[in-house]
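Visitor: Those sequence lines, one after another, are chains A and R. 1 is the number of the first residue of the first sequence in this note's numbering; add one for each residue after it. 1001 is the number of the first residue of the second sequence in this note's numbering; add one for each residue after it.
FYI, nobody ran anything at the bench for these hints, they're computed from the structure. For glycine and all other residues, C-beta sits at the position ideal for the given N, C-alpha and C. Treat the hints with care, since some could be wrong.
Stated by the list, open to error - Listed next, the in silico DMTMM-like pairs over lysine to aspartate or glutamate satisfying Cα-Cα at most 25 Å (straight line):
#1 A/Lys38 / R/Glu1187
#2 R/Lys1170 / A/Glu68
#3 R/Lys1193 / A/Asp95
#4 R/Lys1170 / A/Glu242
#5 R/Lys1193 / A/Glu115
#6 R/Lys1170 / A/Asp118
#7 R/Lys1170 / A/Asp116
#8 R/Lys1193 / A/Glu108
#9 R/Lys1193 / A/Asp86
#10 A/Lys53 / R/Glu1069
#11 R/Lys1170 / A/Glu108
#12 R/Lys1193 / A/Glu234
#13 R/Lys1170 / A/Glu115
#14 R/Lys1193 / A/Glu242
#15 R/Lys1193 / A/Asp76
#16 A/Lys117 / R/Glu1167
Claimed, not checked - Pairwise CB distance ranges, derived in the manner of DEER restraints:
#17 R/Ala1164 / A/Glu242: 22 to 30 Å
#18 R/Gln1173 / A/Asp173: 21 to 29 Å
#19 A/Met14 / R/Gln1173: 17 to 25 Å
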Amino acid sequence: MMRTSGVCSAIVLMLLSALAQAEQVGWQLFDKVQYAVKHYNFDTSFVVLKGSKVDTYRWLHGQTAGQEIEHLIPLDTSGVDILRRDALVYYLLTDRPAFVTRASHIPELPALLFEDKDTIRQLYNAVAGSSSVMSGRSAQLLRLTAKQGGRYHYWLWLDAQTGFPLRIDTLSDNQNALERWLVTHMQISPELPENLRALMAADLPQPADNSVAAAFNSSHQLTWLPEGYQPVAEPASIPQLEGSLLSYWLLSDGLHQVSVFVQNSQRLPTQAYRDGATTIYVQTNAQLEVTVIGPVSIDTARQLAAAVR
Amino acid sequence: MSLENQDWLSAASDNQPLSKAQLDSLLSSAQLQQTLERYQMLGAVLRHETQSPLPASFADDVAAALQNEPTYQLTNSQSWFSRIKNGVAQAANGRWLQPVAQGAVAAGVALIAVLGVQQYQQPGEEMLTPQPMLQTQPIAGFATPVSLSQTTVSDRFAEQEQQAMLEQQKRLQALLNAHRQQVRVMEQAQQAKQQNNDGPKPNEP
């Protein structure tokens, strides 16, 4: 009896250690991908597939001694050039002066590649998958599986040699692919790309310091939050909606952000839309219209909208 | 035996041409043949050819040997299969067949390999077609409704309804833009808040 239990516990221990090791390998791969996008000089193109909609971008990144520069160029006609120099992000508009904000990464790029690993570790399990061939390169699969339901899963394919991300799929709870981020061309060079060298020295405006958060003196309350989410205290003001907006919350789990808007009812039916991985859920009653926008499942959005009192 | 006969025989022994009739008579008459032989011998003696290369009875020996030879009956009794077998058996030892046979073996192996691979790939074909798990949902335009309106739309109000829907899409687009803007400035807003809490900090370069 003692012996069998000993054998059983040994087997369980071995399984557990194997699992722990797989997890460790997964996070090592994750470190590799985060290192690659932060430290290499590269010139890549990628597409974002949202159903039948395709957006194409060129993404350049370079690093010199102590300075980092990143340039995201939409290759479609409608789009804004985005430039990041260290902790300042510039939206280079054609008809207006550049919009400048402070951020450690360009929010239009997958946040997964830049957010703190410990934050992501609280939300996800990382498991290394099989390797395959992608665009002629050997790619290693890394699956990030959400620990809680309602949060999307991510499947990453990394270049086995450099760790550079080749493809990121965003999958819903029941493993439906909602959005695909796919590198179509990649060039990693030891030197800073030539056109970034010029931008490194370019004279760019300073960020506006007056964008101090405007407090919403909310007359409503949010009585429920999805697991892992916290409301962001004092979100920035939204001048273009000031006339119609009754209440606003910005929620974050460290990786994803969800907005909850409360407006006067337009007496339209309750509806849900989806833009890639972003859910747009509108719930209407006699007085209020609650809109939830963010990368959450429709169920979560519905619960969130119902939690507005 | 006429003198005339002996004249043309003598001429023949001196390598003069013979007419057809003379040749026929020579072939039919053993006496004439012996006479010719004698003439030839005379000529040979006159030409001092003392030794004849062949014995005098050479022709008779050959004729006698032919008489004793058994008759061979050649028939087509062998079947085509055994003939091919024999042919192949003979050819297999020939020098030319060996490389050809090696080539044939190699071609056979290649054919089996190709057919085998094709058969092996047949079940894999469904793996190549995109699986529903990785298919992105078809979405047209900005965003598609995933739940249908619960209110029934009567035809009279259809146009009005459509107008309202368009209006709503516009408002939703504005909200989506606002959400994106919030995500953009979130870090800065939090930094500003932290600065307010911690007291002013020197600006970054």
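Visitor: Are the hints correct? Go through all of them and say.
Guide: Verification of the supplied hints:
{"no.": "1", "hint": "A/Lys38 / R/Glu1187", "in the structure": "holds, 18 Å"}
{"no.": "2", "hint": "R/Lys1170 / A/Glu68", "in the structure": "violated, 38 Å"}
{"no.": "3", "hint": "R/Lys1193 / A/Asp95", "in the structure": "violated, 31 Å"}
{"no.": "4", "hint": "R/Lys1170 / A/Glu242", "in the structure": "holds, 16 Å"}
{"no.": "5", "hint": "R/Lys1193 / A/Glu115", "in the structure": "holds, 20 Å"}
{"no.": "6", "hint": "R/Lys1170 / A/Asp118", "in the structure": "violated, 39 Å"}
{"no.": "7", "hint": "R/Lys1170 / A/Asp116", "in the structure": "violated, 35 Å"}
{"no.": "8", "hint": "R/Lys1193 / A/Glu108", "in the structure": "holds, 23 Å"}
{"no.": "9", "hint": "R/Lys1193 / A/Asp86", "in the structure": "holds, 20 Å"}
{"no.": "10", "hint": "A/Lys53 / R/Glu1069", "in the structure": "violated, 100 Å"}
{"no.": "11", "hint": "R/Lys1170 / A/Glu108", "in the structure": "holds, 22 Å"}
{"no.": "12", "hint": "R/Lys1193 / A/Glu234", "in the structure": "holds, 8 Å"}
{"no.": "13", "hint": "R/Lys1170 / A/Glu115", "in the structure": "violated, 32 Å"}
{"no.": "14", "hint": "R/Lys1193 / A/Glu242", "in the structure": "holds, 21 Å"}
{"no.": "15", "hint": "R/Lys1193 / A/Asp76", "in the structure": "violated, 36 Å"}
{"no.": "16", "hint": "A/Lys117 / R/Glu1167", "in the structure": "violated, 42 Å"}
{"no.": "17", "hint": "R/Ala1164 / A/Glu242: 22 to 30 Å", "in the structure": "holds, 23 Å"}
{"no.": "18", "hint": "R/Gln1173 / A/Asp173: 21 to 29 Å", "in the structure": "holds, 26 Å"}
{"no.": "19", "hint": "A/Met14 / R/Gln1173: 17 to 25 Å", "in the structure": "violated, 55 Å"}
Of the numbered hints listed earlier, those contradicted by the structure are 2, 3, 6, 7, 10, 13, 15, 16 and 19.
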